[in-house]
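In the order they appear, the protein sequences are chains A and B. Numbers 1 to 243, taken from the numbering used here, label the letters of the first sequence in order. Numbers 1 to 224, taken from the numbering used here, label the letters of the second sequence in order.
Quick caveat, the hints were computed from the structure, so don't treat them as lab data. In this text the structure is predicted, and so the values were computed from the model without any measurement. Some clues are possibly wrong.
The calculated SDA-like cross-link candidates involving lysine to any residue, where the alpha carbons are at most 20 Å apart (straight line), are [unchecked claim]:
hint: 1; chain 1: A; residue 1: Lys110; chain 2: B; residue 2: Arg138
hint: 2; chain 1: A; residue 1: Lys183; chain 2: A; residue 2: Glu173
hint: 3; chain 1: A; residue 1: Lys77; chain 2: B; residue 2: Gln135
hint: 4; chain 1: A; residue 1: Lys135; chain 2: B; residue 2: Lys216
hint: 5; chain 1: A; residue 1: Lys77; chain 2: B; residue 2: Glu124
hint: 6; chain 1: A; residue 1: Lys110; chain 2: B; residue 2: Gln135
hint: 7; chain 1: A; residue 1: Lys109; chain 2: B; residue 2: Ser132
hint: 8; chain 1: A; residue 1: Lys135; chain 2: B; residue 2: Trp139
hint: 9; chain 1: A; residue 1: Lys13; chain 2: A; residue 2: Asp70
hint: 10; chain 1: A; residue 1: Lys110; chain 2: B; residue 2: Met137
hint: 11; chain 1: A; residue 1: Lys109; chain 2: B; residue 2: Trp139
hint: 12; chain 1: A; residue 1: Lys231; chain 2: A; residue 2: Gly221
hint: 13; chain 1: A; residue 1: Lys135; chain 2: B; residue 2: Pro143
hint: 14; chain 1: A; residue 1: Lys60; chain 2: A; residue 2: His3
hint: 15; chain 1: A; residue 1: Lys109; chain 2: B; residue 2: Tyr133
hint: 16; chain 1: A; residue 1: Lys77; chain 2: B; residue 2: Gln122
hint: 17; chain 1: A; residue 1: Lys135; chain 2: B; residue 2: Arg147
hint: 18; chain 1: B; residue 1: Lys216; chain 2: A; residue 2: Thr96
hint: 19; chain 1: A; residue 1: Lys113; chain 2: B; residue 2: Gln135
hint: 20; chain 1: A; residue 1: Lys135; chain 2: B; residue 2: Arg217
hint: 21; chain 1: A; residue 1: Lys77; chain 2: B; residue 2: Tyr133
hint: 22; chain 1: A; residue 1: Lys109; chain 2: B; residue 2: Glu124
hint: 23; chain 1: A; residue 1: Lys109; chain 2: B; residue 2: Met137
hint: 24; chain 1: A; residue 1: Lys112; chain 2: B; residue 2: Trp139
hint: 25; chain 1: A; residue 1: Lys77; chain 2: B; residue 2: Met137
hint: 26; chain 1: B; residue 1: Lys216; chain 2: A; residue 2: Tyr136
hint: 27; chain 1: A; residue 1: Lys113; chain 2: B; residue 2: Arg138
hint: 28; chain 1: B; residue 1: Lys216; chain 2: A; residue 2: Ala138
hint: 29; chain 1: A; residue 1: Lys113; chain 2: B; residue 2: Trp139
hint: 30; chain 1: A; residue 1: Lys77; chain 2: B; residue 2: Leu134
hint: 31; chain 1: A; residue 1: Lys109; chain 2: B; residue 2: Arg138
hint: 32; chain 1: A; residue 1: Lys109; chain 2: B; residue 2: Leu134
hint: 33; chain 1: B; residue 1: Lys216; chain 2: A; residue 2: Asp70
hint: 34; chain 1: A; residue 1: Lys110; chain 2: B; residue 2: Lys53
hint: 35; chain 1: A; residue 1: Lys112; chain 2: B; residue 2: Arg138
hint: 36; chain 1: A; residue 1: Lys109; chain 2: B; residue 2: Met123
hint: 37; chain 1: A; residue 1: Lys77; chain 2: B; residue 2: Ser132
hint: 38; chain 1: A; residue 1: Lys77; chain 2: B; residue 2: Trp139
hint: 39; chain 1: B; residue 1: Lys53; chain 2: B; residue 2: Ile43
hint: 40; chain 1: A; residue 1: Lys113; chain 2: A; residue 2: Lys135
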Amino acid sequence: MKHLLEISGLYKKFGDHEVLKDINLNVKKGEVVVIIGPSGSGKSTLLRCINRLEEPTAGKIFLDGVDITDRSVDINKVRQRIGMVFQQFNLFTHLTALQNVMLAPLRVKKVKKDEAEKNAIKLLEKVGLGDQTHKYPAQLSGGQQQRVAIARALAMEPEVMLFDEVTSALDPELVKEVLDVMKQLAQDGMTMIVVTHEMGFAREVGDRLIFMDEGVIVEEGEPVEVFRNPKNPRTKKFLGVIL
Amino acid sequence: MVGVGQFDLDLFFRIIPDLTFGAFITLELTSLSILFGLIIGSIAGLARVSTNKIFFGISTLYVEVIRGTPLLVQILIIYFGLPAIGINLRPEPAGIIALSVCSGAYIAEIVRAGIQSVPLGQMEAARSLGMSYLQAMRWVVFPQAFRNILPALGNEFIALLKDSSLLSVISIVELTRVGRQIVNTTFNAWTPFLGVALFYLMMTIPLSRLVTYSQKRIGTYEMK
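The shape of chain A in the complex, shown without the other chains (with noise of 0.2 Å):
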C-alpha cells in the first residue's frame, strides 16, 4: 500500500544543537501513530518539521507522493492538507467558536459564508460544542478550547492530521474529552500522528507507537506489543518510569 506520508533522513539543527537525526517514518492513509518520548527528545520538532512550522536542515517529506521540503512547492497549500492541534490551543482570540473555525475556510479557501458557517456549525457539534458556537475561547474551558481547535483544523478538510501534546496543558479532569473527540477521529479513519504522553491513549487507539529519544526513533511496533515487551533499554527505561 502506498504511503501517504514519507519521511525520509530528516535531520533538523537548531544552531549546532541536533534535534532530529535521520529520522525515516512512513504513514498509511488512515493510520493512528503515536509519538512518545522524554520532553527533548524532538517530537515536537518533528510535528513541526512535517508542516514546515520548522524548516528541515536535511531530509525529504513526501505527501501523497509529491516532496513538500520542495522549495518550488506552495507551503500554504500544503498545509490545508495537514491539519494541526497545539498544546497551547492558540485559538484565536477576538474570534467566537464560530468564527474562529470559519475564519480559514473563509479567507483561504474562499467558500461562501454560509456554506463555512453551516459546515462549522456541523463541526462543533461534532466535537460536542454545538451550544458553544458563540462563545469567545477566554469563555471556554480548556478542553472546550482544544475541541475547538480540533474542529478549526478538521474545517480544512486535511488528510493527516497532527497533535502535539494536546492534552498536557488541561486539567486532568478535562483530559477525556478530548481523547474521546481524538478517538472518534480515529474511527472515522482519519490519518493522525500524535504526540502525547497519554499512554492509555497510545494503547487504545494507536496503530503503532513510536518511541523516540534524543532525536532518534528508537524503537517502533504495535502499541500493545511495544508496552509489553519493549526491546530497547531505553524504552524499558522510559517506560518503566512514565507506566
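Fit chain B to the given chain A structure using the hints.
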C-alpha cells in the same frame, strides 16, 4: 470682568464662530494626517518586524530620523525647503504630508509593539491552516494587535491634533492661526488664546473619553 483677569466675555462670544471654523480645519487636517499616518505606520510597522533586512533597515531609518527631529523643523523643510529641489507644495498639502510622515513614524512603533504583543502561537496556528503570512497578519494578528494598541493610537491622535497647531507657521488657517489673527485685530491676547485652548480641550477631552470607552467595549470578550 476683572475677576478673571482681562477675559472679555463679549469678545469671546463674538469669536466663537471663527474659532469653530478653525477647530474644524484642525480636525480635518488631523483626521487626514492620522489616516495617512496609519497607512504609512502600518506598512513601516510591518517592515519593522520583518526578517527582510532591507525592509527592516529602511523602516528603522525612517522611524529614527523622524522621531529624532522636531516636527516644526520637518514642517519647515517640507514647505520651505522642498522648493529648492523643485517640489512646490501649497501650505495645506505640505502640512498634511508633514503630519502624516511624522505620525507615521510614531504609529510604526506603536504597530510594531502591537504585533509583537500578539503571541507567536496565533501566527503559527493561522499559518498551519494554510494562510499566507499576509493573510495571517490581516485576519489574525492585526485585529488582536489593534485592540492592544487602541489606547496608544488614541493618544497619538490627540498628540497629533495638538501638534497640528504648528502648521500655523506655514500660514494654514487652523485653530491656533485663527486665534493669532484675532489677537492681531483686537489687540487682546488673553481672551482669544484662552478661547483657542478651550476649543482644543473640547476636542481632546471627548477623544480621550472615546478611547477609554472603546477600549472597555473591545476588551469585554477577553475577560473571564
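Hint-by-hint comparison with the structure:
1. Lys110(A) to Arg138(B): 15 Å, holds
2. Lys183(A) to Glu173(A): Holds. Lys183(A) to Glu173(A) sits at ~17 Å (cutoff 20 Å).
3. Lys77(A) to Gln135(B): 13 Å, holds
4. Lys135(A) to Lys216(B): Holds, because 18 Å separates the two Cα atoms, which is no more than 20 Å.
5. Lys77(A) to Glu124(B): 15 Å, holds
6. Lys110(A) to Gln135(B): 12 Å, holds
7. Lys109(A) to Ser132(B): OK: Lys109(A) and Ser132(B) at ~12 Å, within 20 Å.
8. Lys135(A) to Trp139(B): 19 Å, holds
9. Lys13(A) to Asp70(A): 18 Å, holds
10. Lys110(A) to Met137(B): Between Lys110(A) and Met137(B) the Cα gap is close to 17 Å, so the pair holds against 20 Å.
11. Lys109(A) to Trp139(B): 14 Å, holds
12. Lys231(A) to Gly221(A): 10 Å, holds
13. Lys135(A) to Pro143(B): Given pair Lys135(A), Pro143(B) holds - Cα atoms ~18 Å apart, limit 20 Å.
14. Lys60(A) to His3(A): It holds: about 14 Å lies between the C-alpha atoms, which stays within 20 Å.
15. Lys109(A) to Tyr133(B): Holds. Lys109(A) to Tyr133(B) sits at ~15 Å (cutoff 20 Å).
16. Lys77(A) to Gln122(B): 19 Å, holds
17. Lys135(A) to Arg147(B): Given pair Lys135(A), Arg147(B) holds - Cα atoms ~18 Å apart, limit 20 Å.
18. Lys216(B) to Thr96(A): 18 Å, holds
19. Lys113(A) to Gln135(B): Between Lys113(A) and Gln135(B) the Cα gap is close to 17 Å, so the pair holds against 20 Å.
20. Lys135(A) to Arg217(B): Given pair Lys135(A), Arg217(B) holds - Cα atoms ~16 Å apart, limit 20 Å.
21. Lys77(A) to Tyr133(B): 13 Å, holds
22. Lys109(A) to Glu124(B): 18 Å, holds
23. Lys109(A) to Met137(B): 17 Å, holds
24. Lys112(A) to Trp139(B): Given pair Lys112(A), Trp139(B) holds - Cα atoms ~17 Å apart, limit 20 Å.
25. Lys77(A) to Met137(B): 18 Å, holds
26. Lys216(B) to Tyr136(A): Distance ~16 Å between Lys216(B) and Tyr136(A) Cα, so the pair holds.
27. Lys113(A) to Arg138(B): This hinted pair holds, its Cα atoms lying about 18 Å apart.
28. Lys216(B) to Ala138(A): 16 Å, holds
29. Lys113(A) to Trp139(B): 15 Å, holds
30. Lys77(A) to Leu134(B): 15 Å, holds
31. Lys109(A) to Arg138(B): At roughly 16 Å apart (the allowed maximum being 20 Å), Arg138(B) and Lys109(A) satisfy the hint.
32. Lys109(A) to Leu134(B): Roughly 15 Å between the alpha carbons, so the hint for Lys109(A) and Leu134(B) holds.
33. Lys216(B) to Asp70(A): 47 Å, violated
34. Lys110(A) to Lys53(B): Not OK: Lys110(A) and Lys53(B) at ~33 Å, beyond 20 Å, violated.
35. Lys112(A) to Arg138(B): With Cα atoms ~19 Å apart, Lys112(A) and Arg138(B) stay inside 20 Å; holds.
36. Lys109(A) to Met123(B): 18 Å, holds
37. Lys77(A) to Ser132(B): 9 Å, holds
38. Lys77(A) to Trp139(B): 18 Å, holds
39. Lys53(B) to Ile43(B): Status holds; Cα separation ~15 Å.
40. Lys113(A) to Lys135(A): Within the cut-off at roughly 19 Å; holds.
In this structure, the hints that do not hold are numbers 33 and 34, in rising order.
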